[in-house]
Amino acid sequence: MNQITNEGLILACSAVGAGLAMIAGVGPGIGQGYAAGQGAAAVGRNPGAKGDIMSTMLLGQAVAETTGLYGLVIALLLMYANPLLTRFLKL
Amino acid sequence: MVNMAASAMGLLASIGEMRILLSEEKTVDFFIHELIPYNFFGQTVYITTTHVCELLIIIGIIIFALVARFKIMHAEEVPRGFQNIIELLIETLEKYVHGTMGKHGTKSYVNYIGTIMLFILLCNISGLVGLRAPTADYGTTLCLAIISVAMIQYNNFKWNKFGAITGLFQPIWFLFPINLIGEVATVVSLSLRLFGNVMAGTVMISLYYTLMPVVATIGIPAAFHAYLDVFSGAIQAYVFTMLTMVFITNKIEG
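From first to last, the protein sequence lines stand for chains Y and C.
Start counting the first sequence at 1; every next residue gets the next number (the working numbering).
Start counting the second sequence at 1001; every next residue gets the next number (the working numbering).
No false leads were slipped in.
Distance condition first, Cα-Cα at most 25 Å in a straight line; then the derived DMTMM-like pairs of lysine to aspartate or glutamate: (1) C:K1103 - C:E1087; (2) C:K1251 - Y:D52; (3) C:K1095 - C:E1077; (4) C:K1107 - C:E1077; (5) C:K1107 - C:E1253; (6) C:K1251 - C:E1094; (7) C:K1071 - C:E1091; (8) C:K1103 - Y:D52; (9) C:K1095 - C:E1253; (10) C:K1095 - C:E1076; (11) C:K1071 - C:E1094; (12) C:K1107 - C:E1091; (13) C:K1161 - C:E1183; (14) Y:K50 - C:E1091; (15) C:K1107 - Y:D52; (16) C:K1103 - C:E1091; (17) C:K1071 - C:E1087; (18) Y:K50 - C:E1094; (19) C:K1095 - Y:D52; (20) C:K1251 - C:E1183; (21) Y:K90 - C:E1034.
Here are a few chain Y residues that face chain C, going by a calculated C-beta distance under 7 Å: (22) L59; (23) L69; (24) L72; (25) V73.
It should be emphasised that the hints constitute simulated quantities derived from the structure, not laboratory data.
Predicted, not measured: the structure shown is a model, and the values here were computed from it.
For every residue, glycine included, the Cβ atom is placed at its ideal position computed from N, Cα and C.
Given these sequences and hints, build the entire structure.
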């Protein structure tokens, strides 16, 4: 087996880290699904209030999405603007 | 802490310097391109695609506003054509702001909310005409969020007077750091929400265009554009303005 260079190790670990960061997508998925389910139930009970229910549901879903997007930003950082590699190369 | 934040922002801004190479020498290109370098107090900075796209959108909005003003000044008793569209747009915006903020400031805030909503919406759907969405640049969304938070804090101090400071020590004094972080985190959450959504859409669409054979890039991407650009963009414009209004109303009502 060839010797692994330091840069290679950093890049490999960053790729694994980017993948792990995207596990953050699980939480918003569950939350958004739950919100949509509750919204559907609410429309079933009171079809007249569909507009209000819709806007409240979308707002809640968008806020729930934020934590997943933090994970996405971390993953994008690790893949395209790797701060660890930059720090290593400046040492 | 400040240093770390600054370097993170610098890294996000420097995304444009990199390219990814795939097999068969295809390159995925969803980065910000640097067009014209210029000197700014000894530092070389660039006019980027973001600036160009924003400028186009601003010019578009200004032309629309001028035409709308001309039409309204020569308004007809029975509206038709373009005047109908303007009235519909303004009435929808007023109803939207009134529905959220109630009696507090439909008059004072409909201008700001309407402007920022039109701008974000046009930015988000500018991917349809082949531009790179300006809101997929963290610089843009951070500025928008800072403007909104300045608005929120201005209202906090205007309506609560000294209570804006003592409110940070509620319910008990040693929660002060957490309350302070909560106020500052609004900037981060508002800006990252918009940036992350639009950036994810941009990445996915450009990946599809690059990786698929040319035959598959005719017609099929319309579905991607419809969801990622139009639907998601409209939702994000709605959410950004709605959250701004909710925060402002919270501050006004104390």
